[in-house]
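Residue numbers (our numbering), protein chains in the order written: chain Y, 1 to 287; chain X, 1001 to 1287.
Derived from the structure by calculation, the hints contain no laboratory data.
Since the model is a prediction, treat every value here as computed from it, not as a measurement.
Pulled from the structure, derived: some chain Y residues nowhere near chain X, Cβ distances all over 12 Å:
1. Glu6
2. Arg21
3. Ala29
4. Lys35
5. Ala51
6. Pro76
7. Pro78
8. Asp133
9. Pro136
10. Val141
11. Asn150
12. Asp161
13. Gly235
Rough simulated footprint, nothing fancy, chain Y against chain X, three-plus residues with beta-carbon under 8 Å:
14. 1104-1110
15. 1261-1270
Glycine included, each C-beta is placed from N, C-alpha and C at the ideal position.
Protein chains: 2
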Amino acid sequence: MADEYEFDQHTAVAPTGETGRFDADVNRAWTVGPKPNGGYLLAIAARAAAADLVEHDSDHTDPLSATAAYLHAPDPGPAQVQTEILRTGRSASHVRASIVQQGRLCVESTFVMGTLEPARESEAWWSDREPFDLPPIDDCVRLTSTGGRNPFQVSIMDRCDVRLDPEVIGFATGQPTGRGELRGWIAFADGRPVDALSLLFFIDAFPPATFDLVSAGWVPTLSLSAYVRANPVPGPLRVSQRAQVVDGPRFDEVCEVWDASDRLVAQATQLAAIRIPEGQTPPRPRR
Amino acid sequence: MADEYEFDQHTAVAPTGETGRFDADVNRAWTVGPKPNGGYLLAIAARAAAADLVEHDSDHTDPLSATAAYLHAPDPGPAQVQTEILRTGRSASHVRASIVQQGRLCVESTFVMGTLEPARESEAWWSDREPFDLPPIDDCVRLTSTGGRNPFQVSIMDRCDVRLDPEVIGFATGQPTGRGELRGWIAFADGRPVDALSLLFFIDAFPPATFDLVSAGWVPTLSLSAYVRANPVPGPLRVSQRAQVVDGPRFDEVCEVWDASDRLVAQATQLAAIRIPEGQTPPRPRR
Chain Y
1 MADEYEFDQH TAVAPTGETG RFDADVNRAW TVGPKPNGGY LLAIAARAAA ADLVEHDSDH
61 TDPLSATAAY LHAPDPGPAQ VQTEILRTGR SASHVRASIV QQGRLCVEST FVMGTLEPAR
121 ESEAWWSDRE PFDLPPIDDC VRLTSTGGRN PFQVSIMDRC DVRLDPEVIG FATGQPTGRG
181 ELRGWIAFAD GRPVDALSLL FFIDAFPPAT FDLVSAGWVP TLSLSAYVRA NPVPGPLRVS
241 QRAQVVDGPR FDEVCEVWDA SDRLVAQATQ LAAIRIPEGQ TPPRPRR
Chain X
1001 MADEYEFDQH TAVAPTGETG RFDADVNRAW TVGPKPNGGY LLAIAARAAA ADLVEHDSDH
1061 TDPLSATAAY LHAPDPGPAQ VQTEILRTGR SASHVRASIV QQGRLCVEST FVMGTLEPAR
1121 ESEAWWSDRE PFDLPPIDDC VRLTSTGGRN PFQVSIMDRC DVRLDPEVIG FATGQPTGRG
1181 ELRGWIAFAD GRPVDALSLL FFIDAFPPAT FDLVSAGWVP TLSLSAYVRA NPVPGPLRVS
1241 QRAQVVDGPR FDEVCEVWDA SDRLVAQATQ LAAIRIPEGQ TPPRPRR
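Make the full structure from the sequences, and use the hints.
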């Protein structure tokens, strides 16, 4: 993708001349409060993984899967990505990519990299997942970077255009529906076309699904896994983020991204920590 | 757990005297064909991660989550586990654990380790997942290590007692139901009690869910993630393994493990490669 778009500018990595060492610049534009968004950091790491493979004459430049451990939030500013190719295969290669800042390991990620087919309308051979409908984009509610009940600035909402289904927007006024699911449209604010790399950002751009259950503040990710299933066709993407089980101090949530041709193009799951306020009654499950 | 049980004997790791270096012995008893089972290897890695934390005065000895990349299948025999504590926190610590054999990196895994409450009957604060019923164990069909349509010996089926719901056993006679789901009971064959560690094995002990869709041979895991949600109460566990989307050369499947008190104690997801035989018609999804 040409560097005319901010996502490409801000996820760029530059070879340092040393194998498996890249310079990156964590940009303040992609933060939630003071901390860079996890999906944005994953995209930086994926670009370094791809660059390392290209240096080794591989054409495995698309992320097929990614797992990430967020150890310390890097500050906006210069950082390094250290990559190590763990295995090269015929159809897939494994790469570890670590984001380091001032000698401190901030993000440890492992990628399976491969080569996705060009985007095209295509049905899965078999699927048990069903795409969902949303009201037209203009009838949905855009999330903003400031205002509402955000205790801090959510800068990524200026970088992407998230439009939530009005049915799930109750949390913004302190009235979560209790269904534990947020869904809506997503696109880049500057019109950057969607591709496989951008899905690593989109799977982590929505608010936590627990916002639709309880006002429980910050929910730090313990472990994130993402699968990129296909290059999305041009057009707006639909995202669903749903909580599955809140048990003790942790919960898990599942994210799905569907493209304009009703293809499931990305999936993610994460385990995160949560602190339920004492005496808070759980809403009923959605089933 | 006392070393009277084979799972504990065969997942044992011995400190080498060097920090973060452990000796292990990959036992032939836990293989599928010639290759050690992925969940068994994950349990070995988890024991090394816990041992490293204990050496560093941490009580984070339970796996909360695990991600694994299977790079090369180790042979049965001696191996080393190399661990690195990436972060220690108040309630969780991150550890990378790598299984190495004769200098070759075979499995790269990352654990979030913590301290789970003792097993007890407890309801999740909120859950959108529903436990499922199975026929009584004696009415279910035990999977055996030899015979049937297995092209090779599945030794793990002598280590654990897997009893499939008769409704899903069609694949064994070449008649998959097309629902893409296998479910059944699981326990250790030697009566070892269930605990958090053993869940890392149980989430990968079932046949692939695609067996219930198509006869497509070997389906190598590209990326595996597991969450351990709670210590299971004593008693048999129920496992569901279901395919979600088969698209192009890859599919994803989700595994859930429920304990005798109807608590979801473990979840896993994996992305795996699959080769659909040419001209094979997809069965209808189960919905």
